[in-house]
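Got chain V sorted already, so can you dock chain W onto it with the hints?
Number of protein chains: 2
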Amino acid sequence: MNEHIQAVPLDKAYRLLTHGPTVLVSAHHAGIDNVMAAAWACALDFAPPKLTVVLDKSTRTRALIEASGQFVIQVPTARLLQLTHEVGTRSRAIEPDKLDAVGVELLRLGASGMPYVAGCSAWLECRLVPEPHNQQVYDLFIGEVTAAWADDHVFRNGHWEFESAGPEWRSIHHVAGGHFYAIGEAMAARLSEEE
Amino acid sequence: MNEHIQAVPLDKAYRLLTHGPTVLVSAHHAGIDNVMAAAWACALDFAPPKLTVVLDKSTRTRALIEASGQFVIQVPTARLLQLTHEVGTRSRAIEPDKLDAVGVELLRLGASGMPYVAGCSAWLECRLVPEPHNQQVYDLFIGEVTAAWADDHVFRNGHWEFESAGPEWRSIHHVAGGHFYAIGEAMAARLSEEE
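Residue numbers (the working numbering), protein chains in the order written: chain V, 1 to 195; chain W, 1001 to 1195.
In isolation and in its complexed conformation, chain V is listed as follows (with noise of 0.2 Å):
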């Protein structure tokens, strides 16, 4: 396993997403993988971790995630633009070698053997909360966090570094169509009296 991909302890998982970014999903079942792209993607609680994410009907990862239960959601790169655009353009219904068409490189970091995005800057791996009226009626989906890593470039001791990171590391962030921003500079506010 690559040495800088370090396990994330799950009190600080939800500040892998907390800033917003794109992120991709990935599932498998029966001996299928697939990857797909999500913007509408947000933590949702601290401890146990939760997060949600939006996924269409018309997905081919959606109907994986239904049926095993589990998915990995996990935070690419800048370098990882035109994979992050491809893997939510094209589908895996239509182009059944989706996955090696756009070269998507899968790792198996956790004990489950789910499939991880290599490349990304951060994983999350999830156990569906199963709610099917949000999953019916909004295309709302809730997991829990069992397990989180994260590539020691960029989050290092519960924290981004993208500003002493390259810009490859950067998180990218939708906006529609081809269109995304990376995350740029870092900014603090003065705590205030009662902290």
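To be clear, the hints were calculated from the coordinates, so they are not data collected in a lab.
Treat the numbers as computed from the prediction; the structure is a model and nothing was measured.
Treat the hints with caution; some may be incorrect.
List of simulated lysine to aspartate or glutamate pairs, EDC-like, C-alpha gap at most 16 Å [said to hold, decoys possible]:
hint: 1; chain 1: V; residue 1: 12; chain 2: V; residue 2: 33
hint: 2; chain 1: V; residue 1: 12; chain 2: V; residue 2: 161
hint: 3; chain 1: W; residue 1: 1012; chain 2: W; residue 2: 1045
hint: 4; chain 1: V; residue 1: 12; chain 2: V; residue 2: 144
hint: 5; chain 1: V; residue 1: 57; chain 2: W; residue 2: 1163
hint: 6; chain 1: W; residue 1: 1057; chain 2: V; residue 2: 45
Okay, now just chain W, sitting in the frame of chain V:
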């Protein structure tokens, strides 16, 4: 009204949140206004536009939303970094004059008279879509966007223009404590074959 604040067509409203900014949440009930910060807000649907936001049970703003069924989600700019941090860490329950103490200026943009925070780049007025199970178990609230506005210094013709606006217009993305990142540089993916 500020001539730079323009209505945003509802079918473009999702673009105001898709890049994952930290937001301010404002609400009004029975003569009381309040404003809080929320890093965990996310687009949920395109048409009609919907969004999710996580609101802790300890917040006074949540109580106003539960009572009135209405709220505004707005996107603070880098200029409002300190204000965002302070409305997120100080409570009206302890400081009844919190908004004045922090220096929050409120506008009334919509016909509803709801409080909008001045100096933001975008505003989404929402009707609460009641989902008592989500609200109670997950602190998760769903809003349907009924009106949207943006400042044309930084959002024009349905697009964010962070790259041409001054740095004070950048959205801010919370990590933890007083630590944020501003949104950064624009990046474009090549269109894939079927686009």
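Hints versus structure:
no., hint, verdict
1, 12/V with 33/V, "28 Å, violated"
2, 12/V with 161/V, "14 Å, holds"
3, 1012/W with 1045/W, "11 Å, holds"
4, 12/V with 144/V, "14 Å, holds"
5, 57/V with 1163/W, "34 Å, violated"
6, 1057/W with 45/V, "13 Å, holds"
In summary, the structure is inconsistent with hints 1 and 5 from the numbered list given earlier, while agreeing with the others.
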